[in-house]
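Chemist: Each chain is listed here by its residues.
4 protein chains.
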Amino acid sequence: MDPLLREARVHRLPMSSPDDTSAIETLVEQGKIDPKAVVAVLGKTEGNGCVNDFTRGYAVQSLRFLFGRYMEPADLDRICMVMSGGTEGALSPHWIVLEALPATGVTQTPALALGVHVTEDFAPVEIGRMAQVTKVADGVRKAMVQAGISDPKDVHFVQIKCPLLTAERVRAAGGAHAVATADTLRSMGLSRGASALGVAVALGEIDETALSDTAIGDDLSLYSTRASCSAGVELMGCEILVMGMSDMWSGPLTIGHALMRDALDIDPIRETLSNLGISAPGQFPEETRERVTAVLVKAEASKSGHARGFRHTMLDDSDISSTRHARGFVAGVLAGLIGQTELFVSGGAEHQGPDGGGPCAVIGRRSDP
Amino acid sequence: MDPLLREARVHRLPMSSPDDTSAIETLVEQGKIDPKAVVAVLGKTEGNGCVNDFTRGYAVQSLRFLFGRYMEPADLDRICMVMSGGTEGALSPHWIVLEALPATGVTQTPALALGVHVTEDFAPVEIGRMAQVTKVADGVRKAMVQAGISDPKDVHFVQIKCPLLTAERVRAAGGAHAVATADTLRSMGLSRGASALGVAVALGEIDETALSDTAIGDDLSLYSTRASCSAGVELMGCEILVMGMSDMWSGPLTIGHALMRDALDIDPIRETLSNLGISAPGQFPEETRERVTAVLVKAEASKSGHARGFRHTMLDDSDISSTRHARGFVAGVLAGLIGQTELFVSGGAEHQGPDGGGPCAVIGRRSDP
Amino acid sequence: MDPLLREARVHRLPMSSPDDTSAIETLVEQGKIDPKAVVAVLGKTEGNGCVNDFTRGYAVQSLRFLFGRYMEPADLDRICMVMSGGTEGALSPHWIVLEALPATGVTQTPALALGVHVTEDFAPVEIGRMAQVTKVADGVRKAMVQAGISDPKDVHFVQIKCPLLTAERVRAAGGAHAVATADTLRSMGLSRGASALGVAVALGEIDETALSDTAIGDDLSLYSTRASCSAGVELMGCEILVMGMSDMWSGPLTIGHALMRDALDIDPIRETLSNLGISAPGQFPEETRERVTAVLVKAEASKSGHARGFRHTMLDDSDISSTRHARGFVAGVLAGLIGQTELFVSGGAEHQGPDGGGPCAVIGRRSDP
Amino acid sequence: MDPLLREARVHRLPMSSPDDTSAIETLVEQGKIDPKAVVAVLGKTEGNGCVNDFTRGYAVQSLRFLFGRYMEPADLDRICMVMSGGTEGALSPHWIVLEALPATGVTQTPALALGVHVTEDFAPVEIGRMAQVTKVADGVRKAMVQAGISDPKDVHFVQIKCPLLTAERVRAAGGAHAVATADTLRSMGLSRGASALGVAVALGEIDETALSDTAIGDDLSLYSTRASCSAGVELMGCEILVMGMSDMWSGPLTIGHALMRDALDIDPIRETLSNLGISAPGQFPEETRERVTAVLVKAEASKSGHARGFRHTMLDDSDISSTRHARGFVAGVLAGLIGQTELFVSGGAEHQGPDGGGPCAVIGRRSDP
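Protein chains in written order, with the UniProt record's numbering: chain A, 1 to 369; chain B, 1 to 369; chain C, 1 to 369; chain D, 1 to 369.
Note that these hints are calculated values from the structure, not bench results.
Since we're looking at a predicted model, the values are computed, not measured.
Be a bit skeptical, because a hint or two may be false.
[What the hints assert, rightly or not] The list that follows gives simulated cross-link-like pairs (lysine to any residue, SDA-like), each with its CA atoms no further than 25 Å apart:
1. D:K303 - C:E286
2. B:K303 - D:R186
3. B:K153 - B:K32
4. B:K32 - A:A131
5. D:K303 - B:D213
6. D:K303 - B:H177
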């Protein structure tokens, strides 16, 4: 076997609270996860997914505790940790641990390929603006190189964790006039949007010259079909995880993507899964469902206030953020097909798919040869 | 045509706010709704669906305003008005107006049959207890007679609006010791549960002697497969709407029911629709979808804290009531199949289906002969 | 007694739900309220005080029901009904009914004077912009004339009910670009702010030429010391109630105002009450408290993120709107002094007092001569 | 100076997020806090203060990180860490660090005395029941001995952190029937109540024989005037901190307590402060306010649904927990007197003071001799 060939391993594991890393620890002890091979950990944590969601930082602190026992602090910083808050509806909090190892067994190429990059910290004034777009685009390109992907069309998903503004940061930046917005909840949207447009630029979906500060968060006709961005209070730069297919990677895992045009649009996902060889009439029975390793999707309330011509109330609800409404609903749409609830549904899809829709990635396991 | 034969008409209409009855008014003016033929109006309103949801009372007051222009006050009280608060996720607020008219056109029997009954007011001490069970069972039997249904197995859904306790009512009753619970949110669950057990008794699903005050809200193995109960602050008795199939009714509308065993369990509904002659692979395309006149379903968070073995966080979320989480999620599960969002998803399924699941009724239109 | 002399009567009455007008009805039946003399009804209702607060519309519909029994529809429209949602903390929902009658008894001038004006409806594009400022300023001047107040310094409070944008209205206006903001919650702030600046212009606190669309919601150094504005979904124009002191009015009631510089700033209110002859060391005992007929105050979270140098978390809380936090807290500050909880604390004080503070008006009863 | 004499030091310090221990770290580095002398850290963190408030666990994890750099793990467990979630209204998140050192300077006795005790873990079935009462009473007695307090009347406050039930723990215990309640939010109240009754037993306020499982959470006439209990998901035993006055302690700090009879009842606190030599007419000016080292108080919504005869809506609000309402309101009541917002207002006062009221402790600094 080609000694340069790599293989991705992906583990989807339950968490009973944001600091519960026991399921990961158990696999490490059993030799099924090699901490030094871990390139990224995604976490769906049970906070509100909005500004004051500290479950994300708590989960990251807990992961660093765990992995810190196996490596030097410098190596720890290398692991991309993307926490997405919000397990509305029946969504189940979980970890997705992604490893990169030398390939073993039969050669199965192309296969799931991974690349990560962590940008430098942004200044508060850069958040939600072109400076962020440019820096993210540059980071995505670096992560593609690392993943051994040269053609942007082989990139199926780019998961990004990006910063937000707090009242404190706005003040530090010199007040409301200095920043893209002083509304902290709104800053999450602008940061996600700028990150997504950075992905679109890197993947050749949009030309950077077509963008400007004012288009961010505003011209929703501009979007990436493969970006998924989460904003969190616990970082000031971006952590970028590129996932795609590459001949430089082997193994049983494959990835595909689909675009939901609105919050109900399940058929494109059904079709993408079918293309990966995973299908069934109606809801997936257990044996089919188990070949679906991970589902990653973005959800949002359409700014039009409607879905397929019917009014929704998500944007007018001052008790529950529209991002929470959207996650719970899209979770149901997906669960109705897949048949389980460990789904990485992330809220806030600004510039990530069309208004009210969102990109979806599916990591599947090939059926045994 | 048999002059004794009746026909049910069902209109699903949008509302832009709880006091927006304009869509109903338009059909009345066009002669498509006869106010004197209206037996019930269901409303899915955009409140929180919990204790302090005044959108239900506001909608009822608005409906009474409207219909009051066409009839005497006494006749107004005859119309069963069941408002269910909560349009989480992409759910769309809507009215379902049900009319009973002399049958016209070709005879198509059996067809959708309707019966209503309004009980007397309960005392606060009766809410959530056997007194409520007995009175509801009696009311269901009366509504069945009115619907021309003698065999309980022809009843496909019993929609009930029942009261709840407020701090004020608990005080009036003499304090916490006098009532089933002093926790107002919990009182909604006990009232829904007692109503559902009343339905189960009337339909012969459970023997009344097997029940007791302590079983209500507690022994979840006891349930009706066809009850749907909503609690609201705006009434002190129960409004009961029985829907089923009867040879005494004719017309293009039919009804069937399915039982969701958990919040993801969409396949029984797919099958029931198929039995009504409404089916498609994947999500329903527009022409199929339009034959689904109304979907009525109960949603709740399983008290086990799990769905298909995966932990959910609905019961531990102190920011959002579990009923709101469950409605938004189940709405997504249904919308993924049906392809639209005017779905009557009602929260709190105590004794309405098994823990975490719930009954579902579908009113469909026969394809043109 | 001068037959041209008028007298204001003010009744503060409890409500058990937004549709409970029974306390008003009782006084009408007892001849203590003359429906034809009512010029305004303020209501503190138990909704969330934000976009989807339907308790305001429900209360107005219920008031119109009640008063409609005593007058022609045209006269009904003359009564200014300002509902303010949100009874956070121990705040108690209540009505404040204001009547204007011919003066009786001993002449006591100057006394509390009332004037009302209802503007025409605004277009969605006007909300939160200079068009609203100008129309409100004009309306305040008309209400002053009605109140018999010529000197703006005799105006102690201007209570305004103004409209907001919903997703529906934004769409009707042609989308996000056409309106001041597409964020519905934010539209409430801009509408309140534009109304308050209209008051400031009318009272000579700010020169209209110093204002512009961009200053609204932005330059917080511009504010009125006597404006109190509430936004509600149930109207599209402004209802304006001017309260002040005038020699053309007689009677036992007087009014004064104070400016809270921040959310804790109770001493100016203590001083204003003392100037009205109402004072006590510590919290007011019952006999003092009963001379405080009504307390009207605006509350908001300071945009600085701090109060007296200490960080607050109101702007970073994505579960509870900062307006709800601010109302509950300021209610406590006031209740600690006054000793009761029927306080008209209204949220969102944009351009109403300095950042984080707000105007306060107190209607007191002179001690018996 | 007597070498056996001890001195308490108390530092009130800001936190910018639950993991921000920098203010403590700075004082440690400056030699103003000796980590080995720290007996307890109280933290007012910015979560919802309810079941899914992970800011408490996050803060504890962060404190352990910090102090772990200065001591052995075993010594770390000795520090009592009581986090109370919820900074509603203008409340400011803060730490209160309590140290016990050998006394220095002039002898000033009696002075503030501290004692801590950590109980063993409880089984889920013990939570909210007599087993918890007994174990807490025993722990309080041990902490009193440690504080050098023999007469219960010298105890002015007992701060306790106690566990709660989650859906997971209920399941582990064998289901709803095995535990005191399966309602997780309600379990917080029962645990706080059982802890408070334990304090009452230890301080001789109530005879243990007068108590039973059924009285817990039910007979609100039974209460301690000096207990303050917070429930958190992050522990399964109780951490007990006793504060009082003792001749075995010297120094400038003193402590007193007051009982609020309802949520507005500020005068008893004004009087207690006055007894400590801290007073001013109206709100405290800066120099007075700075002598108030810490204010600790319990807040709750009265179960009667009323405060001084006026209805409140806290128990009927299904969007915001009544504990959040009560904290924000009582914070305002206190801030109106004290003039700042770093107040340790803790929610849920079951058996801690009368219904709707709560105990309050004030740590003050003697004026310079």
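Chemist: Taking the hints in turn, state whether each one holds.
Modeler: Comparing the hints with the structure gives:
1. D:K303 - C:E286: holds, 23 Å
2. B:K303 - D:R186: holds, 15 Å
3. B:K153 - B:K32: violated, 32 Å
4. B:K32 - A:A131: Not satisfied, since the Cα-Cα distance of roughly 59 Å exceeds 25 Å.
5. D:K303 - B:D213: holds, 24 Å
6. D:K303 - B:H177: Roughly 12 Å between the alpha carbons, so the hint for K303 (chain D) and H177 (chain B) holds.
Comparing the model with each earlier hint shows violations of hints 3, 4; every other hint is respected.
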